Amino acid sequence: MSSQTAKKDFWDPEISTASRDRIISIQIKNLKDTVKYCYNNNAIYRKKIDDAGVNPDKIDDIADIGKLPFTTKDDLRDSYPFGLFCTPLSQVVRVHASSGTTGNPTVVGYTKEDIDIWANCIARVMYDVGVRKDDIVQISHTFGLFTGGWGFQIGTEKLGALVIPISGGNTERQLKIMADFKSTVLVNTPSYTLYIAEVAEKFGIDFSKLHLKLGFLGAEPWTEPMRVEIEKRLHMKALNSYGLSEIIGPGVSCECLEQDGLHINEDHFLAEIIDPDTGKSLPYGSKGELVFTTLTKRAFPAIRYRTKDISYIYTDKCPCGKTLIKMAKPMGRTDDMLIIKGVNVFPSQIEEVLLKIKDLEPHYLIVLTKENYMDQIGVWVEVSEDNFHEKLMDLEFFEKSIEDKLFSAIGLHIKVSLKEPKTIARSEGKAKRVWDRRQGGN
Amino acid sequence: MPVKQLTVFLENQTGRLAEVARILRDADINLQGFSTTEARDYGILRLVVSDTDTARQKLKEAGFTTHIAEAICIKVEDRPGGLYKILDILANAKINIDYVYVIAGTKLVLSVSDIPKTESILRENNVVICD
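The listed protein sequences correspond, in order, to chains A and B. Numbering-wise, the first sequence is residues 4 to 445 according to the numbering used here. Numbering-wise, the second sequence is residues 8 to 138 according to the numbering used here.
Read the hints as simulated data drawn from the structure, not as lab findings. Just so you know, nobody snuck in bad clues.
PhoX-like mimics (lysine-lysine), calculated; alpha carbons at most 20 Å apart, straight line:
1. A/394 / B/11
2. B/67 / A/394
3. A/136 / A/161
4. A/35 / A/61
5. A/205 / A/179
6. A/435 / A/425
7. A/403 / A/361
8. A/51 / A/283
9. B/67 / A/425
10. B/65 / A/425
11. A/240 / A/212
12. A/39 / A/50
Quick look at which bits of chain B chain A covers, simulated, 3 or more residues with Cβ under 8 Å:
13. 15-21
14. 37-49
15. 69-79
Chain A is nowhere near these chain B residues, computed Cβ spacing over 12 Å in every case:
16. 34
17. 61
18. 91
19. 134
Quick caveat, the model's predicted, so the values are computed rather than measured. Even for Gly, the Cβ is constructed at its ideal location relative to N, Cα and C.
Work the whole structure out from these sequences, hints included.
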């Protein structure tokens, strides 16, 4: 792997170095096709397009996308599980689902062709930054309904490199395999990457003697100082990888070695920025909500899917040679979704669990902290005369029983802390439910 | 007669125990003895006071979570083997003690699941039970 060869060597050179005009003509063709396809194959999409008063045969210009209706997470939930699929299930070969949302999870499907597109998108972002057949790719994302692990699995296989699908957790084994198998590429969340570094240092493992060169990190927000820390401690270049299951999973966009913005695979995903309040399209360079339309997917094509991620899109003359448009690393959310250890958590999910617990006051505060560079989530609840048992054991049991209920609903260990009454601020109107204490060091 | 024991939930924070003591002083309530047990982030304070109901009322008004539980209070002989004598009686009767603490120097407060039974066993063994 060398950045010298990577500079002029692309997986899909005709796409990655295409002119703007060429990209836009591909996008118009595929947008027309996608809109017609959705209209003809899915009743929900047809109704939405009709309600918006759009003639699916009259999409002539890329700007026409602004007439199309948005798709939201609620649309997916309301049509749970397969209502927005545009192919019969017999043609769907894979489903994934987003981790935790209130009520139903959001389920997405892939045809065999969709899987190929996905693999190609990931192979492209990996190859274009220098990953080659002789690389050894350790995937420390969880494998399961989460798209992170599987996306990189098939992308790496498509590229022809060796995959170690080690999945998450068991840090000592991660390190042993990293050393013994001579892993050169790490696919992981940034927070777990830092934790691996921490454990390695405890065991006296020197990363300069290991073989890691490159990390594709994503599935949660992270900061520039965190990147500096990761690169320094793991002796590798850390790249930001972006994706979401509703669009395809990882492979929507990824940084090049310039580490200045994420190139979007825009032959498959058309990006827009909108004003989250008015829904109006914003010009390049304006900060707003990122919206994607898939241009080639078949089982679950998304028309103007609102990601709720805040970013901006722009073109530049990237020294890497790629001409694909860029998005800035997402800088926040338009909703209150938290991403903890790669799991999406909405405060409302926690509330739903807590309010069902007998004898618990309806006051709670979600507290976010950092421990070993990992985001930790806890929740404060108040003792009351009804739940106060005079034995310590009973109180600990009470805490544990709430933690168990939260775990089974959300799939995340959320530490419960009992507090004295009135510790949690009451408010009129919108209560402050989340206290973010992650800033300011570890 | 079992004694009334006042239990208070306390967060592990500087000054919380002092606050309880201040409230009792202001209400002119005498503290005969107490014990604390601590967990990760909080503790339980157990008190035996001169006026349990008033103490509870005052603490509640100040925002504390309280609970009243019954416990047995007995006199321990103030000499070597005094404690052993009591514990031996209970062990022989297979009575498990949930917790125990000393108040007023020579009195033990015991929490057990069956108070009347334990009291009668102690009485049979000539242990002085305090009110």
